[in-house]
Structures are given as C-alpha cells and as structure tokens.
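Student: Okay, here's what each chain looks like letter by letter:
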Amino acid sequence: GNSVTQMEGPVTLSEEAFLTINCTYTATGYPSLFWYVQYPGEGLQLLLKATKADDKGSNKGFEATYRKETTSFHLEKGSVQVSDSAVYFCALSPLTGGGNKLTFGTGTQLKVEL
Amino acid sequence: GAVVSQHPSWVICKSGTSVKIECRSLDFQATTMFWYRQFPKQSLMLMATSNEGSKATYEQGVEKDKFLINHASLTLSTLTVTSAHPEDSSFYICSAVDRAIPNQETQYFGPGTRLLVL
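If you read the sequences in order, they're chains Y and P.
Heads up: the first sequence begins at 1 in the working numbering, then just goes up one per residue.
Heads up: the second sequence begins at 1 in the working numbering, then just goes up one per residue.
Simulated from the structure, these hints should not be mistaken for laboratory data.
Heads up, some of the hints might be wrong.
[What the hints assert, rightly or not] Cut-off 27 Å, straight-line C-alpha distance, at most; resulting in silico cross-link-like pairs (BS3-like, lysine-lysine): (1) Y:K101 / P:K14; (2) Y:K101 / P:K55; (3) P:K41 / Y:K49; (4) Y:K68 / P:K20; (5) P:K20 / Y:K101; (6) P:K41 / Y:K111; (7) Y:K60 / P:K41; (8) Y:K49 / Y:K60; (9) Y:K77 / P:K41; (10) P:K64 / Y:K77.
It should be emphasised that the depicted structure is a prediction, and the values quoted were computed from it without experimental measurement.
Can you build the whole structure from these sequences, using the hints too?
Tutor: What follows is the structure in structure tokens.
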C-alpha cells in the first residue's frame with residue numbers, strides 16, 4: 001500500500017537557519033505529492049505540491065522537488081522565521097486528478113526560536 | 001477563497017450520547033468531502049470519503065454504524081458520532097475538493113472539531 005515517512009521531530013532551529021524536513025514515500029505509479037502545514041490551533045493548509053517527477057513546488061520561501069529516483073519530496077527553506085513554527089505534513093495522492101484520498105506522514109513539528 | 005468551516009469547534013459530551021459535526025464549504029461546491037481523525041502528535045487518519053447524494057465510503061476498520069456520514073448538499077457534510085465513548089475523544093477534521101476545477105486534487109481543510117467524551 002501507499003505510505004509516507006517523515007523525519008521525526010521536533011526540529012528546533014534558530015531564526016534564519018536553513019531548514020530541511022525529509023520525506024520519502026512508497027506508492028505505485030506516479031502519485032502527486034504535497035506538503036501541508038498546521039499552525040497552532042488551526043486546520044491544515046496546503047503549502048505546496050508537485051504532480052510529476054522533477055517538478056518543484058514552492059510557496060512562502062519553502063521548496064520541495066519531486067524526486068522519483070529516490071522517492072523523496074524533502075521540504076527546504078533557506079531562512080526560517082519564528083512564524084514558521086508549525087507542524088508540517090508530507091502527503092501523497094495516488095492518482096492525478098479527481099481529488100483522491102491523501103495518505104499523510106506522521107508530521108514534523110518545527111520550532112523556530114529567536 | 002476555498003474556505004471550509006466546521007461546527008462546533010469543540011464539544012464535550014457524556015458517554016452514550018451522540019454528537020453531530022458539520023463541515024461546510026463556504027465559497028465553493030464540493031462533490032467530495034473527506035473525514036479524518038487526528039490523535040495527539042499523530043498524523044491524520046482518513047475515516048471516510050463522503051460523496052454528495054450517495055453513501056459514504058469508509059476506510060477499513062472504521063465502523064460505519066458508529067460514524068454516520070451524510071452529504072446532503074454540495075456544501076454540507078455531517079459526521080455523527082453515535083453512542084460516543086471516551087475512546088472516541090479525538091480531533092476530527094474534514095476536507096473538501098472544489099468541483100468547479102477539473103481534475104482538482106487539492107483538498108481544503110476545515111479547522112477541526114475537538115471532541116471530548118466524559
């Protein structure tokens with residue numbers, strides 16, 4: 001079956017540090033890949049996505065590249081801010097199109113300190 | 001745009017009672033809505049897929065008689081936890097897909113409903 005594996009948190013960084021949150025997946029075919037962010041007390045928000053190999057999703061300074069050869073979709077940001085403190089979820093959708101079911105990773109909590 | 005609301009945001013109930021949670025797409029129509037459950041410090045687990053005008057599709061291990069889902073309109077799905085017990089205490093989250101966008105796969109999530117069963 002499909003699965004998503006994320007690095008365990010919490011990840012604690014100083015402001016302006018470089019961020020990497022690893023995500024690897026197992027799926028048949030060519031899934032779409034997503035990063036969702038959950039700020040304290042709020043629902044999940046789509047951060048970025050990529051629908052095919054070598055696509056790069058980007059938003060708010062965050063980037064992730066769909067690497068089919070390594071089945072990975074690592075999240076990166078060059079300079080984090082305190083406001084980036086949240087839980088980040090990697091997810092996949094097994095088929096493109098049609099609003100298919102999402103399989104989530106366990107989430108990685110990011111804490112950014114001054 | 002693409003706002004999904006949930007009501008109530010939190011609820012406390014006695015064991016044995018039933019609780020209804022509403023999920024609404026405020027500015028779009030959603031043929032498909034999803035219901036998830038999230039335990040503390042864990043990921044979201046899909047409970048069921050709700051399709052407007054038809055029966056919900058439940059994931060393996062989810063009791064459909066306990067978690068009743070109704071998707072009566074293109075903007076509203078409800079989850080009723082029947083005869084709730086303390087082990088049903090959790091954070092319930094819905095999401096919706098905008099039917100106006102062809103092949104749309106992005107799900108828009110509600111803020112969640114925290115249920116505590118005493």
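Student: Are the hints correct? Go through all of them and say.
Tutor: Consistency of the hints with the structure:
no.: 1; hint: Y:K101 / P:K14; verdict: 32 Å, violated
no.: 2; hint: Y:K101 / P:K55; verdict: 16 Å, holds
no.: 3; hint: P:K41 / Y:K49; verdict: 23 Å, holds
no.: 4; hint: Y:K68 / P:K20; verdict: 42 Å, violated
no.: 5; hint: P:K20 / Y:K101; verdict: 23 Å, holds
no.: 6; hint: P:K41 / Y:K111; verdict: 14 Å, holds
no.: 7; hint: Y:K60 / P:K41; verdict: 25 Å, holds
no.: 8; hint: Y:K49 / Y:K60; verdict: 13 Å, holds
no.: 9; hint: Y:K77 / P:K41; verdict: 23 Å, holds
no.: 10; hint: P:K64 / Y:K77; verdict: 42 Å, violated
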